[in-house]
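Just need the whole structure built from these sequences, with the hints factored in.
Number of protein chains: 2
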Amino acid sequence: MEKGAGVITEGIESVPEGTVTTPRGFLAGAAKAGVRSDWDKLDVGLVYSEAPCVAAGVYTRNALKGASLLVSMEHLEKGSAQAIVVNAGCANCSVGERGIEDAIKMAQLTGTKFGIDPHEVVVASTGVIGTFLPMDRIRRGIETIGVSADGGMDFARAIMTTDTRPKHVAVRANGWSMGGVVKGVGMIHPNMATMLCFVTADAAVTQPFLAGALKDAVDDSFNMIDIDSDTSPDDTVVVMANGLAGGEPIDQGHADANSFRAALRLVCTDLAKQMVADAEGATKTIEARVEGAATREDARKAAREIVMSLGVKTAVYGQDPNWGRIISAVGNSGAAMKEETTALYLSGPDGKEVCLYSGGVPQAYDPEAAKACLAPREVRMRVTMGLGEASATAWGSDLTEDYVRLNSLYTT
Amino acid sequence: MEKGAGVITEGIESVPEGTVTTPRGFLAGAAKAGVRSDWDKLDVGLVYSEAPCVAAGVYTRNALKGASLLVSMEHLEKGSAQAIVVNAGCANCSVGERGIEDAIKMAQLTGTKFGIDPHEVVVASTGVIGTFLPMDRIRRGIETIGVSADGGMDFARAIMTTDTRPKHVAVRANGWSMGGVVKGVGMIHPNMATMLCFVTADAAVTQPFLAGALKDAVDDSFNMIDIDSDTSPDDTVVVMANGLAGGEPIDQGHADANSFRAALRLVCTDLAKQMVADAEGATKTIEARVEGAATREDARKAAREIVMSLGVKTAVYGQDPNWGRIISAVGNSGAAMKEETTALYLSGPDGKEVCLYSGGVPQAYDPEAAKACLAPREVRMRVTMGLGEASATAWGSDLTEDYVRLNSLYTT
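Those sequence lines, one after another, are chains A and B.
Every letter in the first sequence is one number past the one before it in my numbering, and letter 359, counting from 1, is 359.
For my numbering, count along the second sequence from 1 and bump the result up by 412.
Some hints here could point you the wrong way.
List time: in silico EDC-like cross-link candidates among lysine to aspartate or glutamate, alpha-carbon distance up to 20 Å [stated by the list, open to error]:
id	chain 1	residue 1	chain 2	residue 2
1	A	338	B	509
2	B	685	B	628
3	B	627	B	486
4	B	750	B	778
5	A	338	A	297
6	B	453	B	548
7	A	338	A	291
8	B	750	A	74
9	A	105	A	74
10	B	750	A	101
11	B	750	A	97
12	A	105	A	150
13	A	352	A	340
14	B	783	B	732
15	B	525	B	555
16	B	627	B	709
17	A	338	B	628
18	A	338	B	486
To be clear, the hints were calculated from the coordinates, so they are not data collected in a lab.
All values derive from a computational prediction rather than experimental measurement.
Laid out in structure tokens, this is it:
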């Protein structure tokens, strides 16, 4: 265990500076290929596994899907993959048949480079919608990249768009490890957004188990964050496991099934929170916990609606304990709600909670104490619905003038 | 016909400076009662009809409902009303049983003033959530207001919160007239928001017909606008018709049925667009027209999603023809969509359209011409889906730094 590593939860410890190349057998690298308008940035990245992987993906629910995503969805249908090729600077979306041809070409170039079937290559593109990929530059990029066991951080940098920092994490458990990277800080929303997330693992795992674990992990992480309630056509989460840690493949009932699920959930939640923390223009992260909801879906809807509400986002930014907006968001969520049984708490910097609202009526509280709850970089609130046992947590960013400035000037 | 009046549509003409007191028999007035923190503003308003009215209402879908709204819903259940009492400065929401008692008291005071049954009084409150009504001030306000046939504009001013101007309209058709006022410029969203709208008419009309016509008019107007995708617990649209214009009550099949429906739709659409034009911090109105959708609901969803997208709102603010965000919003709406049959047009200041996207691919267009489409105060865009015959129009505001500033400082 390296210096700085820590046990996160029983049997799972974090790997400092961990990334997609932390699990054994995964190599990565990136190049400045000139796809971006800013030539001095990495913009084409590769991940390669020395052994074939079982793989699974979760994709945007936007009816408009990027061409690279469409090709990846087809490649991943068989449940395996061995490499990933990504470009930033261009989403390869809304560009007709040529987009599909270009994405297939990216897979072919990557397959040729590593001597693998192009159908084992996952392709992803992120950036502006409606422009063609500069295939000559992408080809040169793919050809020049040298992949290595310490290339994960370069890969994390190559996929950034308006992200201000690379986002990565890795954990280790019971002889196997798992690493992940993500990009995306705008158009982030429940049901995914302009995000790309790649998770690698050296555990041996069956494909159906991997696919199920990914879906659950995404539901509790990427599908519970919101920056601006938008969903992009390129959102993708892909997990690949190469089995180099050995042992019987993990499946339902395997001794490691729970820790693998927990590790995937930890990796996805950690990356999701990194996205929110780096949200375009944001100054704060909002964590909304809903408890006592009638159903799990109600808890999820209410928690998400809180972090999606522009009224809440701006009030948090202004450190204004305008709690009516939070309760109104819950009412607006479609979740079953009774005013008489609903209560709202803000977490104070001292760890104590301030109750602003309970039993359908405002509570007497110190306005300065309430305001102080909104001062930290991470603002936490909790709503108890008093209707059942279900709970959920969602994370969002505040909304600032800088968000507006960044987004009113993106392509120009 | 006064100077300045104009025919809007066949048989219906606008009444310049028209408001809720334009129809005969409606009196209104307002007082500075000190409910608002800013004492120098009108904040309690009354409307009174000299004859009993048939009445109908449409209300917020927020599970959290203000106490005044709950009382009004009960009063309007019987389909009649004769007076309206409104206060700004306090939403009378999330304040428990006392909120209900206070709203009933407002109805009683108004009933006593006019010598009518308190159950014939519509009560509405708008402002900050979670504070109690200052009933002594409200009582004095109700008692001191003098209602008159030219008090409609004072009433329109008394209901304003962050509105920068009163919003009112009136039309006349075939011997009867209809007037309306509205307030609300933030928390505006499909399915209503922190808005109050009151429409009066001197036509004779049956209650079931009035209720049906109102529902349809609201669906095409207030339910098709968006400022910030929020919905408040107090949203209310109420229409009252006192029949003083005489004649057989308008019902299905009556010669005036279509013009009454058209007039109500015109009044509601005009007021809805006034709300969007006065949206908090906004510099522009966005009109999104969706045509050729597979179903009416698809057309409505797609049009609303465009005007709700923060990506679109900020791009319009920045006059940035980032059309991918518009197409992505359509894809995100849940409406059936095929890239190959979808096209996007921006309306130019010269009335000509610029096609940015068609058949699934970007079109060659002059970037300066596209940018010019986003320069006017009213930006218009049209998406053709190529899947059917259904169409819908939605209106939204752009999103600016000023919106953020206004909303991060509302209660403090």
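A quick look at each hint next to the structure:
| no. | hint | in the structure |
| --- | --- | --- |
| 1 | 338(A) - 509(B) | 13 Å, holds |
| 2 | 685(B) - 628(B) | 17 Å, holds |
| 3 | 627(B) - 486(B) | 18 Å, holds |
| 4 | 750(B) - 778(B) | 25 Å, violated |
| 5 | 338(A) - 297(A) | 16 Å, holds |
| 6 | 453(B) - 548(B) | 17 Å, holds |
| 7 | 338(A) - 291(A) | 13 Å, holds |
| 8 | 750(B) - 74(A) | 18 Å, holds |
| 9 | 105(A) - 74(A) | 14 Å, holds |
| 10 | 750(B) - 101(A) | 19 Å, holds |
| 11 | 750(B) - 97(A) | 13 Å, holds |
| 12 | 105(A) - 150(A) | 27 Å, violated |
| 13 | 352(A) - 340(A) | 23 Å, violated |
| 14 | 783(B) - 732(B) | 6 Å, holds |
| 15 | 525(B) - 555(B) | 7 Å, holds |
| 16 | 627(B) - 709(B) | 16 Å, holds |
| 17 | 338(A) - 628(B) | 29 Å, violated |
| 18 | 338(A) - 486(B) | 18 Å, holds |
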